[in-house]
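In order, the protein sequence lines correspond to chains P and V. Counting along the first sequence from 1, when you hit position 47 you're at 546 in the working numbering, and nothing is skipped either side. Counting along the second sequence from 1, when you hit position 57 you're at 556 in the working numbering, and nothing is skipped either side.
Rather than coming from a laboratory, the hints here were simulated on the basis of the structure. Incorrect hints may have been included.
If several chains are the same, the list does not tell them apart, and a pair holds so long as it fits within one copy or across any two.
Claimed, not checked - Capping the alpha-carbon separation at 20 angstroms, the derived lysine to aspartate or glutamate pairs in EDC-like fashion look like this:
1) K540 / E635
2) K655 / E716
3) K739 / D619
There are 2 protein chains.
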Amino acid sequence: MRLFVSLSYNGTPFCGWQLQPNAPSVQETLERALSITFGEKVAVVGAGRTDTGVNARNYIAHFDVQALPSERTDWIIHKINAILPREVVVNSIFRATGDAHARFDAVSRTYRYYVHTVKDPFAVHSLYFRFPLDIEKMNTAARCLLGRHDFSSFEKVGGANLTSFCTVSEAFWKETGPGHFVFTITADRFLRNMVRATVGTLLEIGGGKHSPEWIEEVLLASDRGAAGQSVAGEALFLEKVEYPYPLVEL
Amino acid sequence: MRLFVSLSYNGTPFCGWQLQPNAPSVQETLERALSITFGEKVAVVGAGRTDTGVNARNYIAHFDVQALPSERTDWIIHKINAILPREVVVNSIFRATGDAHARFDAVSRTYRYYVHTVKDPFAVHSLYFRFPLDIEKMNTAARCLLGRHDFSSFEKVGGANLTSFCTVSEAFWKETGPGHFVFTITADRFLRNMVRATVGTLLEIGGGKHSPEWIEEVLLASDRGAAGQSVAGEALFLEKVEYPYPLVEL
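Chain P on its own, in the form it takes in the complex (with noise of 0.2 angstroms):
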């Protein structure tokens, strides 16, 4: 039997999603929670890779069990979150038909990344920005973004994928109280290392190194040489992840 899992985790103790061989991985974190819960050793699929330190609030994960406890579901999310650390909260778990794959079927992907340009000790994931920002020239260059583009200029070199075209559907910045700032980013597929990159990017835009306009010579240059630096993880939240049926709860 095929089951989803929503689950949100503080990446700070973590090296990212994926299972490592010598350091705690939310991946690792997780099976061995719902081993104990199941009664056997399960095995999860992630929606996709976060990297170290990168939190999430609504990833999806998938895995299969011989058979359901008889407890009420409650009582099995109750159990599943005993067992698991402080930074790792199961929310919902979802029934799924056989085929059902949390990454190969998943449509589209939000990120949240946080700034804030006034110092505040106790905003611990969002990023420090000693400049003003300019929100205007941010959501200008955005807008740059939206629609299909070939996105290896904000991609980790190495990576290994086959195309590097994205669709973006969503990009926006928004200031949520004085020097607070959240940007939004909505896409069918993320390169490594692409929402870093691209808030590195927007930033030397808003903190006035370059124009919005430069943002089209970045894209067009389809060279990671040619964006801004990549931001820490940190800040950097994976907000969502959607697929093209709806998530049935247990």
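Following the hints, put chain V in place on chain P, whose structure we already have.
Relative to chain P, chain V alone:
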């Protein structure tokens, strides 16, 4: 010339306010930034100690300087903040008379303690308490703390205070969101570990282990063993320090 400074700090990387020989303290960090900015050796006197990991939002300290820099105050603050690490921020600088004292003159201090009962991977400065809390019961018990009492049941053994009497003017819980609680307490003075032992005691009442009336017994016992366990420092905030005179910005 004597000045007062208001600062906020995330206690995570510090051994507390007080200077320690082999560990990073807020006091030392602030003294270094002030010394560089004012171009002379600056020593600061804080409103009180905070323990390892404890945070502060409007901590007050005083210090003396020979002369003010010629820059505008907002530039002086900007300079200090550029030197301070991201976990410490100076909010304001105030003029004070030569005999004003950040610790001796303080007439009240307010602390807040954060608790959540639903798992939240991002609530870093909040205690995760795994059982539902009865806020009515906790508030009934908290009301018993109001007024002047001997708080030695809530004092860390080995405290060197002459008296363990404190006058509490405010002590209440508020639910800020589903499963998220904050406790506020104001008193003329606090004994070592007093807030954390008080919160631990109130959580035992809120969790159903004891009745609200139990707190009267605990107070009368004058014995640290009578109260509940002390809770973690990372969820504690020194919120406000009050003086009998207004603080006038530089």
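Now the hints, each set against the structure:
no.	hint	in the structure
1	K540 / E635	neither (51 angstroms within a copy, 44 angstroms between copies)
2	K655 / E716	within (18 angstroms within a copy, 64 angstroms between copies)
3	K739 / D619	between (26 angstroms within a copy, 17 angstroms between copies)
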